Amino acid sequence: MSTLKKERSLLKKLIKRSAKSDDGKILLSEISYGLDNYYLKQLINHNLVYKDCHKQDDEGNEIIDSISISELGFHFKEWTNEERKIFWKKSILTPIGVSIATTVITLIVTWILTKQILK
Numbered sequence: 022m023s024t025l026k027k028e029r030s031l032l033k034k035l036i037k038r039s040a041k042s043d044d045g046k047i048l049l050s051e052i053s054y055g056l057d058n059y060y061l062k063q064l065i066n067h068n069l070v071y072k073d074c075h076k077q078d079d080e081g082n083e084i085i086d087s088i089s090i091s092e093l094g095f096h097f098k099e100w101t102n103e104e105r106k107i108f109w110k111k112s113i114l115t116p117i118g119v120s121i122a123t124t125v126i127t128l129i130v131t132w133i134l135t136k137q138i139l140k
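End of the sequence shown = 140 in this note's numbering, gap-free, step of one.
Take these hints with a grain of salt, some might be off.
Claimed, not checked - Restraint ranges, calculated between C-beta atoms of paired labels, are given here: (1) Glu103 <-> Gly45: 42 to 48 Å; (2) His75 <-> Glu103: 31 to 37 Å; (3) Thr101 <-> Lys136: 49 to 55 Å; (4) Arg105 <-> Ser50: 34 to 40 Å; (5) Leu134 <-> Asn68: 56 to 62 Å; (6) His96 <-> Tyr59: 54 to 60 Å; (7) Arg105 <-> Tyr54: 15 to 21 Å; (8) Leu128 <-> Lys33: 46 to 52 Å; (9) Gly81 <-> Tyr54: 21 to 27 Å; (10) Ile129 <-> Glu104: 33 to 39 Å; (11) Lys41 <-> Gly81: 40 to 46 Å.
Calculated directly from the structure, the hints in this document are not laboratory data. The structure displayed is predicted, hence computed values, not measured ones. Where a beta carbon is used, it is the ideal one built from N, C-alpha and C, also for glycine.
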């Protein structure tokens with residue numbers, strides 16, 4: 022799952038705020054622009070944060086007054102670090118290892134062949 026830097030920054034701030042509250046919920050009034058915040062909407066779409074509904078208006082519509090961090094949101098940093106390690110291993114370290122092994126084998130074969138030819 023890819024996220025923008027501002028989304029990750031907002032998630033980090035929300036996790037800190039939720040740790041300060043007793044029930045782990047963050048009031049929308051504490052967040053700039055509330056639910057109109059683009060980055061908050063993206064976090065909700067990625068299931069890192071979810072909306073809490075405790076009230077209904079006269080027409081029966083839900084009134085969202087707070088948000089909570091999901092389990093995935095709390096462990097998002099761990100997942101991204103693990104994905105980064107896998108990327109480094111697959112895309113960078115493996116090709117370097119193969120290149121070194123190929124070079125060493127080529128040098129050994131060249132050394133053996135030149136030694137045989139010079140005899």
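Checklist entry - Range hint 31 to 37 Å: satisfied by the CB atoms of histidine 75 and glutamate 103? => result 35 Å, holds
Arginine 105 and tyrosine 54, beta-carbon distance inside 15 to 21 Å?
-> Given about 30 Å between the Cβ atoms, the range is violated.
Subject >> Beta-carbon spacing of glycine 81 to tyrosine 54 - inside the hinted bounds 21 to 27 Å or not >> reply: 26 Å, holds
Given a hinted range of 54 to 60 Å, is it respected by the beta-carbon distance of histidine 96 and tyrosine 59? At 24 Å between Cβs, range violated.
Check your understanding: Do the beta carbons of threonine 101 and lysine 136 sit within 49 to 55 Å of each other?
Key -> About 51 Å separates the Cβ atoms of threonine 101 and lysine 136, which means 49 to 55 Å holds.
Item to complete: Please test the hint of 56 to 62 Å on the beta carbon pair from leucine 134 and asparagine 68.
Response: 60 Å, holds
*Return holds or violated for the Cβ distance of isoleucine 129 and glutamate 104 against the range 33 to 39 Å.*
At 37 Å between Cβs, range holds.
Problem - Hint check for glycine 81 and lysine 41 - Cβ pair distance inside 40 to 46 Å - result: 33 Å, violated
Query - Verdict for arginine 105, serine 50 (Cβ pair) under range 34 to 40 Å - result: Since arginine 105 and serine 50 have Cβ atoms about 35 Å apart, the given range 34 to 40 Å holds.
**Q.** Distance restraint hint 42 to 48 Å, applied to the beta-carbon atoms of glutamate 103 and glycine 45
**A.** Hint violated: Cβ distance 24 Å, outside 42 to 48 Å.
Leucine 128 versus lysine 33 beta-carbon gap, inside 46 to 52 Å or not | 49 Å, holds
Comparing the model with each earlier hint shows violations of hints 1, 6, 7, 11; every other hint is respected.
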